[in-house]
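Colleague: As a plain string of letters, each chain reads:
Protein chains: 2
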Amino acid sequence: MRRSGRGPRPADDHGRLTVDAELRGDVDEATDVDLDVADLHPAVDDPVLHSMNFLNEVAQRYPAAVSLAAGRPYEEFFDVADLHRHLETFRAHLADDLGYDPEQVRRTLLQYGRTKGIIHHLVARNLAVDEQLTVDPESIVVTVGCQEAMLLVLRALRAGPRDVLLALAPTYVGLTGAARLVDLPVRPVAGGPAGIDLAVLRAELRRARSEGLRPRACYVMPDFANPSGTSIDLADRRRLLDLAAAEDLLLIEDNPYGLFHADDARRVPTLKALDTRRRVVYLGSFAKTVLPGARVGYVVADQRVRDSDGTVGLLADQLAKIKSMVTVNTSAISQAVVGGALLAHGGSLVAANTRQRAVYARNLRHLVTGLRHRFPAPSPVRWTVPAGGFFAVLRVPFPVDDAVLRRSAERYGVLFTPMAHFYDDTAPVTALRLSISAVTCEQIDVGLDRLAALIADESARTASTPTVPA
Amino acid sequence: MRRSGRGPRPADDHGRLTVDAELRGDVDEATDVDLDVADLHPAVDDPVLHSMNFLNEVAQRYPAAVSLAAGRPYEEFFDVADLHRHLETFRAHLADDLGYDPEQVRRTLLQYGRTKGIIHHLVARNLAVDEQLTVDPESIVVTVGCQEAMLLVLRALRAGPRDVLLALAPTYVGLTGAARLVDLPVRPVAGGPAGIDLAVLRAELRRARSEGLRPRACYVMPDFANPSGTSIDLADRRRLLDLAAAEDLLLIEDNPYGLFHADDARRVPTLKALDTRRRVVYLGSFAKTVLPGARVGYVVADQRVRDSDGTVGLLADQLAKIKSMVTVNTSAISQAVVGGALLAHGGSLVAANTRQRAVYARNLRHLVTGLRHRFPAPSPVRWTVPAGGFFAVLRVPFPVDDAVLRRSAERYGVLFTPMAHFYDDTAPVTALRLSISAVTCEQIDVGLDRLAALIADESARTASTPTVPA
Numbered sequence: 006m007r008r009s010g011r012g013p014r015p016a017d018d019h020g021r022l023t024v025d026a027e028l029r030g031d032v033d034e035a036t037d038v039d040l041d042v043a044d045l046h047p048a049v050d051d052p053v054l055h056s057m058n059f060l061n062e063v064a065q066r067y068p069a070a071v072s073l074a075a076g077r078p079y080e081e082f083f084d085v086a087d088l089h090r091h092l093e094t095f096r097a098h099l100a101d102d103l104g105y106d107p108e109q110v111r112r113t114l115l116q117y118g119r120t121k122g123i124i125h126h127l128v129a130r131n132l133a134v135d136e137q138l139t140v141d142p143e144s145i146v147v148t149v150g151c152q153e154a155m156l157l158v159l160r161a162l163r164a165g166p167r168d169v170l171l172a173l174a175p176t177y178v179g180l181t182g183a184a185r186l187v188d189l190p191v192r193p194v195a196g197g198p199a200g201i202d203l204a205v206l207r208a209e210l211r212r213a214r215s216e217g218l219r220p221r222a223c224y225v226m227p228d229f230a231n232p233s234g235t236s237i238d239l240a241d242r243r244r245l246l247d248l249a250a251a252e253d254l255l256l257i258e259d260n261p262y263g264l265f266h267a268d269d270a271r272r273v274p275t276l277k278a279l280d281t282r283r284r285v286v287y288l289g290s291f292a293k294t295v296l297p298g299a300r301v302g303y304v305v306a307d308q309r310v311r312d313s314d315g316t317v318g319l320l321a322d323q324l325a326k327i328k329s330m331v332t333v334n335t336s337a338i339s340q341a342v343v344g345g346a347l348l349a350h351g352g353s354l355v356a357a358n359t360r361q362r363a364v365y366a367r368n369l370r371h372l373v374t375g376l377r378h379r380f381p382a383p384s385p386v387r388w389t390v391p392a393g394g395f396f397a398v399l400r401v402p403f404p405v406d407d408a409v410l411r412r413s414a415e416r417y418g419v420l421f422t423p424m425a426h427f428y429d430d431t432a433p434v435t436a437l438r439l440s441i442s443a444v445t446c447e448q449i450d451v452g453l454d455r456l457a458a459l460i461a462d463e464s465a466r467t468a469s470t471p472t473v474p475a
Numbered sequence: 006m007r008r009s010g011r012g013p014r015p016a017d018d019h020g021r022l023t024v025d026a027e028l029r030g031d032v033d034e035a036t037d038v039d040l041d042v043a044d045l046h047p048a049v050d051d052p053v054l055h056s057m058n059f060l061n062e063v064a065q066r067y068p069a070a071v072s073l074a075a076g077r078p079y080e081e082f083f084d085v086a087d088l089h090r091h092l093e094t095f096r097a098h099l100a101d102d103l104g105y106d107p108e109q110v111r112r113t114l115l116q117y118g119r120t121k122g123i124i125h126h127l128v129a130r131n132l133a134v135d136e137q138l139t140v141d142p143e144s145i146v147v148t149v150g151c152q153e154a155m156l157l158v159l160r161a162l163r164a165g166p167r168d169v170l171l172a173l174a175p176t177y178v179g180l181t182g183a184a185r186l187v188d189l190p191v192r193p194v195a196g197g198p199a200g201i202d203l204a205v206l207r208a209e210l211r212r213a214r215s216e217g218l219r220p221r222a223c224y225v226m227p228d229f230a231n232p233s234g235t236s237i238d239l240a241d242r243r244r245l246l247d248l249a250a251a252e253d254l255l256l257i258e259d260n261p262y263g264l265f266h267a268d269d270a271r272r273v274p275t276l277k278a279l280d281t282r283r284r285v286v287y288l289g290s291f292a293k294t295v296l297p298g299a300r301v302g303y304v305v306a307d308q309r310v311r312d313s314d315g316t317v318g319l320l321a322d323q324l325a326k327i328k329s330m331v332t333v334n335t336s337a338i339s340q341a342v343v344g345g346a347l348l349a350h351g352g353s354l355v356a357a358n359t360r361q362r363a364v365y366a367r368n369l370r371h372l373v374t375g376l377r378h379r380f381p382a383p384s385p386v387r388w389t390v391p392a393g394g395f396f397a398v399l400r401v402p403f404p405v406d407d408a409v410l411r412r413s414a415e416r417y418g419v420l421f422t423p424m425a426h427f428y429d430d431t432a433p434v435t436a437l438r439l440s441i442s443a444v445t446c447e448q449i450d451v452g453l454d455r456l457a458a459l460i461a462d463e464s465a466r467t468a469s470t471p472t473v474p475a
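Quick note, the sequences are listed as chains D and G, same order.
So in the working numbering the end of the first sequence lands on 475, straight run, no missing numbers.
So in the working numbering the end of the second sequence lands on 475, straight run, no missing numbers.
It cannot be assumed that every hint is accurate.
To give an idea of the chain D side of the interface with chain G (calculated C-beta under 7 Å), a few residues [said to hold, decoys possible]: (1) D37; (2) D44; (3) L54; (4) E80; (5) V310.
Bear in mind the hints are in silico, worked out from the structure with no lab data behind them.
Positions of the beta carbon are idealized from the N, C-alpha and C atoms, including for glycine.
Chain D extracted, bound-state conformation:
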């Protein structure tokens, strides 16, 4: 929307600038219009991209509401001084560990840089330490957040109009949005309570092929998925890898929350750690484990690609070619900050996040206890009990649409995310996502009290609304 104000605006709670409804329509003469949205790429008018804007708008309009919507990491432990400390740690690493002379150090931190990144060796070490996952650092592309990694992978895989992407549903909005930008249709695969149903996946894969389509990959978030909170167990992970090999299907594994198991001893290996046949393209993020503001993520793409001249190289190098035309390279300064954070804890982000992990585990327990207390059995309200991560899903006896969220924000003072936003169609969904990452236990208590009041009122309203006879 056009705004008349010229002064700077602080970043809002969710960090995005959103539509100010009261400023809508301040320019509406036909003569004042230069372009019509119908003349732009269809993605900009897609519900998926509007969805993100809508959720941010609601959050911004009701700053006093308790937000069980925001999926950003806990920020009480953030410290601006860390930036200086991490930068200096990484500088010293270049000089002392890698033996760079001052000119090389300066060039590495300040000039144009290597397309695939300058902290690839530290990312590889982190994967070895935290995930028992051995990868060739050359198969890593450091990206501008995990979002750019998704875009690069989807851009590479979308070669023609027959190509489609399978994705476990409900699906992270950023994946669907990136797919829209590269004109790649997403075919949902119902995940179910176990996170994945292999029979459904096989059926969807075959159905797509029988329609003449080419499924390029299946997108999965095996650990504490956003938004479902569910995880795939070890046996299903192995079966999924077997299916991928048998069906010649790539898997895109997105793992932003894997470190946040409430009980570290019970963590399950990533798909990539179990992948002996190069079926998995692995997406990593430092937004939740180091700093969102640095915008650093990565992709591990060790698949072997035959080039047109017959030579064989890594998919990572094909992704790097694309990256050189998207962002050239990831900010060396941001990489240095993340690199310094990795070095500070011997490469372990599990160790670096000891306090954060305790907060998330405590909040998740507090949420589940609070739900049990407020909706004692028998109740039509049900919820998932995730073993970690940021999210739980609450099933309620009425469809949760954007109007319900608006009422909740305005009259009850609590925010959540309608699950309908994570499905790529318009069917009603009687569920909502609750996030525990950016709140205190006190805020969870207040939020749940308000949510219980909303649910009581909405249930009564729905019950009293006569249904249309079938």
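Dock chain G against chain D, hints included.
Modeller: Just chain G, lined up with the frame of chain D:
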């Protein structure tokens, strides 16, 4: 290419990792291949993307060669301590000038951030101070380098298969590469010695329309263009804006070098500063004026777009929707470093670059004098004499292809860029680009001596090669 080494590699002279020829083909069994490049998006196998790789590979293989190829900024004035200083300046600005409390400061620098950026007000001030250009800060999207700005604009404008982009030729490779990623064909418009020929532009525009195509915009670099070094004069800028208005054509103005006029008093207003009808989408870069390693650029997009609900907003907000699915937001840390640099000089990058501008002006003079000395008239060798910027073009009496560059690197020890890389076809081009931004006068002297020897030998070789009778 697959590499067996696992250790980190320092960023090379040009900052990109490139193919190691000696490692080619170490994996070549059919069973070891997971994907074929023909199954990926056509961009990855496009000559434009290969071109960048080839040039970097040559630079990396011959590190002892004098590089008149590298377009990166002069780095002798770079100082790692600047990062800390600029970060602190920006932090103080948030607290003292904008009145943020410590929690807001922390959140702004470390959390997810505003999609359109956090230094938009400083960018607007910079444009006012250095370019006498008044823009609404809300029409600015801060991007991950100018490259992301190009991608966002081209992605937004490419709505369907009839859409094409006009671009003054020769054309910056990054523009052509971004266009490939969004499947937008680029139609070259010969620029000629004046940087633009309006009759040719009008003819190309009408030709495209008569073919049923929809030219969405014309890409221009009016100041010291990469690669030609030419600039468009004031009268032609006004005529170009009139043509754009009359023909309902958008102009994409890319201005990375405008500050580097050898004589600041003779700078010409940007197209955007002359644009009273919102015909110009303006692309800015801080890679040459602050730090390439920060990867911060921006786009000014004040065009009014009618949305599907009838409301009218800014093109910048449509671009922000796309950006939210490409990189989410630009690194707050990188923006803070650039913001601090802007604050340190009252918003003026002309002032911040006093020493750099003197170096570039001196080098450009030294290059032209050196060319005059080595190729006295009458000579078949001719060159442009740019009024500023990083580049000059040398015409020689033989086609300059990649084989000539390889011979030059190997036998003569001097690097340049064959102009053929800036044309989107395979026709031979008898010219090469020389860059003066990353060298000393002594290196220019050595480079020109070696270049003169190469040109003498290649001219003799070409003269002695019997031409095929027509």
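Colleague: Against chain G, run the beta carbon of E80/D and see if the smallest gap drops under 7 Å.
Modeller: holds, 6 Å
Colleague: Given D44/D was flagged as interface, is its beta-carbon under 7 Å from a beta-carbon of chain G?
Modeller: holds, 6 Å
Colleague: Holds or violated: is the Cβ of D37/D closer than 7 Å to a Cβ in chain G?
Modeller: holds, 6 Å
Colleague: Quick check on the hint: L54/D CB to chain G CB, less than 7 Å?
Modeller: At 5 Å from the nearest chain G Cβ, L54/D passes the 7 Å test, so the hint holds.
Colleague: Can you verify the interface hint for V310/D: is its Cβ closer than 7 Å to any Cβ in chain G?
Modeller: holds, 5 Å
In summary, this structure violates none of the numbered hints.
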